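Participant: Residues per chain are reported as follows:
4 protein chains.
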Amino acid sequence: MDSRRAESFSDGVFAVAITVLVFNLLPIADRTARRLAFGGPGGLGHYWPAYVAYMVSFLTIGIMWLNHHTMLAQVSKVDRPVLVLNLFLLMGVVAIPFPTALVADHITGSSGQARVAAVTYGLVMIAISIGYASMWIYLAAHQEALGARRRIHRPRLSTIRFTAGNAGYLAGTLIAFVAPVAGLIVFGLLGVYYLVEHLPSLPAGDDDAAGSQAATEQS
Amino acid sequence: MDSRRAESFSDGVFAVAITVLVFNLLPIADRTARRLAFGGPGGLGHYWPAYVAYMVSFLTIGIMWLNHHTMLAQVSKVDRPVLVLNLFLLMGVVAIPFPTALVADHITGSSGQARVAAVTYGLVMIAISIGYASMWIYLAAHQEALGARRRIHRPRLSTIRFTAGNAGYLAGTLIAFVAPVAGLIVFGLLGVYYLVEHLPSLPAGDDDAAGSQAATEQS
Amino acid sequence: MDSRRAESFSDGVFAVAITVLVFNLLPIADRTARRLAFGGPGGLGHYWPAYVAYMVSFLTIGIMWLNHHTMLAQVSKVDRPVLVLNLFLLMGVVAIPFPTALVADHITGSSGQARVAAVTYGLVMIAISIGYASMWIYLAAHQEALGARRRIHRPRLSTIRFTAGNAGYLAGTLIAFVAPVAGLIVFGLLGVYYLVEHLPSLPAGDDDAAGSQAATEQS
Amino acid sequence: MDSRRAESFSDGVFAVAITVLVFNLLPIADRTARRLAFGGPGGLGHYWPAYVAYMVSFLTIGIMWLNHHTMLAQVSKVDRPVLVLNLFLLMGVVAIPFPTALVADHITGSSGQARVAAVTYGLVMIAISIGYASMWIYLAAHQEALGARRRIHRPRLSTIRFTAGNAGYLAGTLIAFVAPVAGLIVFGLLGVYYLVEHLPSLPAGDDDAAGSQAATEQS
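Protein chains in written order, with this note's numbering: chain Z, 558 to 776; chain X, 558 to 776; chain F, 558 to 776; chain E, 558 to 776.
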């Protein structure tokens, strides 16, 4: 299958998953039905964790979409194992609104509840990280068969980079066991890190440049 | 109508339907609002059937998307009957989150309730299988008019293969009447079977290879 | 703007709107939480209007998607008024799950409630019909400016055809005031009528053939 | 990354976000479960603010989609900062159903509640306006690097125009503090203003013409 077809379907899934996050906000309109106010125990301000969780998960899914595109842009076609790995990856991404809701509802609860929410969030992130690493390793190992647009010449470095992401989410999850809020801050910082990582203009030959070049070529 | 246009719309429907599955998880965040824990009667672990059902249905819809693509990639254009058949097919796919919710909520209930849930799940799967078989038979019968990219030369074998799928879901549904959990395991195994069926690299001339070749040609 | 860009956005809206219909089924899984059965007062069978409403509205939105495509395939670009008319049209299509839910919940209620539900359904359909007629009339009137792929040579006939659709929904709505179920049957038959209308293979020069030809040319 | 890829993902997000608005209508079918009528305290007419809010927000998101397309059509590729700015922009757009629900539920409540709802709506609009202005300024400043399809020759005027939009939403929000309904009318008028702004056919060289020309060229 042409890799663009798989990308197109994945894009749709990402677009829906990122929009599903707003469903964690909609019940707030209902809950505050009798005493809508900015402040106070039932006011809109009371639900600040829901807004923060919305923003963090929105950026997280957005960044995952970017990385997903960069990854698939390396190859020109995909085989059945890639499609299956992709399904497992998307299964994790689509699930994100669930731990997001857990965190939004429980992070200000008792420390035991906050721990459960934050750790669950971390576990989903670890599962997704493993999904990305698996697909990347597979793509690097089968680059000829998949018609790589240019040599994926840094499998080891890339693996390390992904592993670093994994390690970050693993560390955040472990921290969340002891201090849930601190764990969530780690998750937020990991998102910001991935967000700004490529912000400086990149030298030619970089992953991202190659991705955009490939996209241009295929048009 | 160009077959790619129909595929594009179908892809969107598949992408939304697969993401709707997470709405079966979101209420768990709410239900556990007062006593969030990993274990215990109201803990996250208590809802394991919801997670299993999410994963099975996610993979099932994902595989259906793959097969849908392979099927439509055989032809270059579609006529009105194909579009109508496609609508009936999608009607079944979009409904999947409903029996998934039934199974998630009731499989651990009384055996009578589990039976109703598992059988309903099976009936929806049978309906979808019939939809696929109908479209495949129609495509094979009108391949010249639909501009088949290459001769669909094994209508009988293909029909048998689809019938095998139908028989599997039929058998699973019948088993579910007696032993609901066993029926669901059959449905899960059918998903795994379709998932791995094409994993080994295929000889030239195979359906899937033709699909990916056609996709390459049309770019 | 290129007409395909507008089509692509519209396709996405149609795909999501058609999938939203399943949200009218999901609460059934919840409502029957304590006494899941096929028959009986709280059984799955009790909610048959929800299944019928799901199927009718699914086919209706699917057919609207087909007609939307046929309509926009006539021109190669769209201007601001077309885009605005398109937004009003989509606004009606996206609203369909709402009257669908009203009908599903109330058609088996008192005759007063059934009337309100059926009439509301009809009013939404009339609004959408007006939207289609408006856009068709505009496209016919500005076909040169919009780069019509071939002469839209039957504006009057087309207008009549659309008006016939309008008249059908108007009649159905009036009937629904007196006999709600009869009105809904009219709406269902209108869907079936549009579904099969083009089923026989069409002579060259027909709208649908032109649409598919145009789609082929643009690839 | 090719700008069309970013547009395609954004289109999907817009399409889902605009469809999510109907979820503010669906509970009405449920709320009126016992006494469905057109008029009366629990009748469908009672929920008119929900219908108005649906229409205003639908058109607002639709117009934002149009402007988003016009903006991105100016350039042929996007870099990481554009993608990040785009994510923040979409984050605001996807959130619109939330203040829409607040307004629908509370605008007919006490003046204090109406104020909170209307001001929240305005704040989200201001955030989105800032997002558009930021991206426009960035695109204008980096037009060479981003392969502008033609010179973006009116950065200052454009900035002013966007600032005018910002000022309108700011004024509406301030008005909403004193008179919530009046503030909402301002928001509605701003939507209508953007809707008709480009209705007259534009002279060559205009933004919109360039966008459609660019779209034609890229096909």
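The reader is advised that the hints may include incorrect statements.
Claimed, not checked - The calculated lysine-lysine pairs, modelled on DSSO-like cross-linking and capped at a C-alpha distance of 30 Å, are: (1) X:K634 x Z:K634; (2) E:K634 x Z:K634; (3) F:K634 x E:K634; (4) X:K634 x F:K634.
Read the hints as simulated data drawn from the structure, not as lab findings. Everything numeric in this text was worked out from a predicted model, so none of it was measured.
Participant: Indicate, hint by hint, whether the structure satisfies it.
Facilitator: Hints, verified against the model:
1. X:K634 x Z:K634: holds (23 Å)
2. E:K634 x Z:K634: holds (23 Å)
3. F:K634 x E:K634: holds (23 Å)
4. X:K634 x F:K634: holds (23 Å)
Comparing the model with each numbered hint stated earlier shows that all of them hold.
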